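Working from the sequences, and respecting the hints, build out all of it.
Going by the numbering used here, the sequence shown opens with residue 1, and the numbers climb by one from there.
The hints are simulated quantities; they were obtained by calculation from the structure and are not laboratory data. This one's a predicted model, so the numbers in the text were calculated from it and none came from an experiment. There could be a bad hint or two in this list.
As the list claims (entries may be wrong) - Using 27 Å as the maximum straight-line C-alpha spacing, the simulated DSSO-like pairs for lysine-lysine come out as follows:
1. Lys363 to Lys289
2. Lys403 to Lys31
3. Lys403 to Lys363
4. Lys318 to Lys362
5. Lys152 to Lys403
6. Lys403 to Lys289
7. Lys289 to Lys300
8. Lys259 to Lys444
9. Lys300 to Lys362
10. Lys55 to Lys421
11. Lys444 to Lys125
12. Lys444 to Lys31
13. Lys351 to Lys362
14. Lys403 to Lys351
15. Lys403 to Lys362
16. Lys299 to Lys403
17. Lys429 to Lys444
18. Lys351 to Lys318
19. Lys425 to Lys351
20. Lys51 to Lys433
21. Lys289 to Lys351
22. Lys51 to Lys350
23. Lys289 to Lys421
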Amino acid sequence: MNQNSPTQRLASFAANLRYCDIPQTVIDHMKLCLLDTIGCGLFGSTLPWGKILAKFAKDLGGRRESTLLGMGYKVSAPNAALANGTMIHGFELDDIHRLSIIHPGSVTLPAALAVGESRRECTGKEFLTAMVAGYETGLRVGMCVGASHLHKGYHPTGTHGTFAAAAAAGKLLGLDEEKMTHALGIAGTQAAGLMAAQYAAMVKRMHAGRASQSGVYGALLADRGLTGITDILEAGYGGYFKVMGESSDPDRLTRGLGKDYEVMNVGFKAFSCCGSNFTSLEALSRIMKDQGLQARDIKKVTIRSTTVTKLHVGWDYKPEGMTAAQMNLPYCLSVMALEGETFVDQFTEKKIRDPRILDFIKKVEVVPDPELDRFGQEYRHAIVCLVETTGGKSFERRVEFAKGGPNNPISREEVENKFRKLADKVLSKEKVKDLYVMIQNLEKVSSLSELSQCLVPS
1 MNQNSPTQRL ASFAANLRYC DIPQTVIDHM KLCLLDTIGC GLFGSTLPWG
51 KILAKFAKDL GGRRESTLLG MGYKVSAPNA ALANGTMIHG FELDDIHRLS
101 IIHPGSVTLP AALAVGESRR ECTGKEFLTA MVAGYETGLR VGMCVGASHL
151 HKGYHPTGTH GTFAAAAAAG KLLGLDEEKM THALGIAGTQ AAGLMAAQYA
201 AMVKRMHAGR ASQSGVYGAL LADRGLTGIT DILEAGYGGY FKVMGESSDP
251 DRLTRGLGKD YEVMNVGFKA FSCCGSNFTS LEALSRIMKD QGLQARDIKK
301 VTIRSTTVTK LHVGWDYKPE GMTAAQMNLP YCLSVMALEG ETFVDQFTEK
351 KIRDPRILDF IKKVEVVPDP ELDRFGQEYR HAIVCLVETT GGKSFERRVE
401 FAKGGPNNPI SREEVENKFR KLADKVLSKE KVKDLYVMIQ NLEKVSSLSE
451 LSQCLVPS
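Encoded structure:
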């Protein structure tokens, strides 16, 4: 193996990362990511697809070693990762990293929790270290491939997420550099996820779970001696960068690795929908609030967006399912205009077919703007929103960065309130409080079983 290859350097980082190497600011942000991710997963356990995957994981059998979020039973580690990842990504609420275009919590936490819980000696510090290793690995792979991956029709969480999961699981298994390289090489060759799932299928929710499971497989098999593709990222023929994007920037994989933590650029969702919709939602909400407009006052809403945003979320809406509604920009703008919010209550089987919403959607137009494309990947979500009123007035607002990211953050209080609102759907208020305290003091926990006991109803 080439010890200086990009894959090797990334594997070395994940294998050798120590808790004491990680800045306290990164640990603190990682805890906030955990809080948000667990809240998303608990809510996801109440949804149809979450229940289907939980029952499926149970029926597959195997060792009862890893907890399912919100459930009263355990399943094997790989199957727990599959079900929990599906739950976390179950309602477009999970954390997001703009440049890698992945939801890192939905792939990293299930793998770390599944493997960490199956190891009785796993401490809170080890768990946090594995989470940071997983996030950094997956985010950097995604950053190297860039937006062309999504443009081609891949679901980045389902593909890049395999590397995040493998690094986290491998870290908790104590894999050395060589075996960690094999773990990445086994996980990455399983990468899958097609964005055609965004229109109606439940299976989009499962992409995160399957990626997390693939990462667990990669780590467990590497630990047993199975070899993987040791140059999986940079290989000239069939390598990940060659196959998965129109172009790649391999230098981003290890530039500042161990010093500049991409974890700090992970943001949180204020809306229960695709992150590509957020800038438009914020623009429309601001215009309506500033001008005192109601939905009945609006004649037309025009969104000028990048080409990739138009392809990703700007298509003609059809009420084919909740996934389609959450991914679709005209639908989300319509419920924002009509109800002033775009959270879980705006996406029900009844709501997505509401004649009022379907009628307002006719007023929304999404237009690709080549001028916005020129600003590059950093400004992929940049939009200009134009609202025309029935009274003949026009109002315009430009938003370049979505609320929730590092350039336009939501407050810690907002993230904590979101966690409580979601966790309250499953746990008692007392248990929600206990879970919150547990996460805030996770570095003091001697066994991960203390955390897992807080993840299920009494």
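Okay, the hints, checked on the actual structure:
1. Lys363 to Lys289: holds (19 Å)
2. Lys403 to Lys31: At roughly 20 Å apart (the allowed maximum being 27 Å), Lys31 and Lys403 satisfy the hint.
3. Lys403 to Lys363: holds (24 Å)
4. Lys318 to Lys362: Status holds; Cα separation ~12 Å.
5. Lys152 to Lys403: With Cα atoms ~26 Å apart, Lys152 and Lys403 stay inside 27 Å; holds.
6. Lys403 to Lys289: Holds: Lys403 and Lys289 sit about 16 Å apart, inside 27 Å.
7. Lys289 to Lys300: Holds: Lys289 and Lys300 sit about 16 Å apart, inside 27 Å.
8. Lys259 to Lys444: Judged against 27 Å, a Cα distance of about 24 Å means the pair holds.
9. Lys300 to Lys362: Status holds; Cα separation ~8 Å.
10. Lys55 to Lys421: Distance of about 25 Å is within 27 Å: holds.
11. Lys444 to Lys125: Holds - the C-alpha atoms of Lys125 and Lys444 are around 7 Å apart, at most 27 Å.
12. Lys444 to Lys31: Cα-Cα ~13 Å, so holds.
13. Lys351 to Lys362: Holds: Lys351 and Lys362 sit about 16 Å apart, inside 27 Å.
14. Lys403 to Lys351: Roughly 25 Å separates the two Cα atoms, so the pair holds.
15. Lys403 to Lys362: holds (26 Å)
16. Lys299 to Lys403: It holds: about 26 Å lies between the C-alpha atoms, which stays within 27 Å.
17. Lys429 to Lys444: Holds, at about 23 Å.
18. Lys351 to Lys318: holds (13 Å)
19. Lys425 to Lys351: Roughly 20 Å separates the two Cα atoms, so the pair holds.
20. Lys51 to Lys433: holds (25 Å)
21. Lys289 to Lys351: Holds - the C-alpha atoms of Lys351 and Lys289 are around 23 Å apart, at most 27 Å.
22. Lys51 to Lys350: Holds, at roughly 20 Å.
23. Lys289 to Lys421: holds (25 Å)
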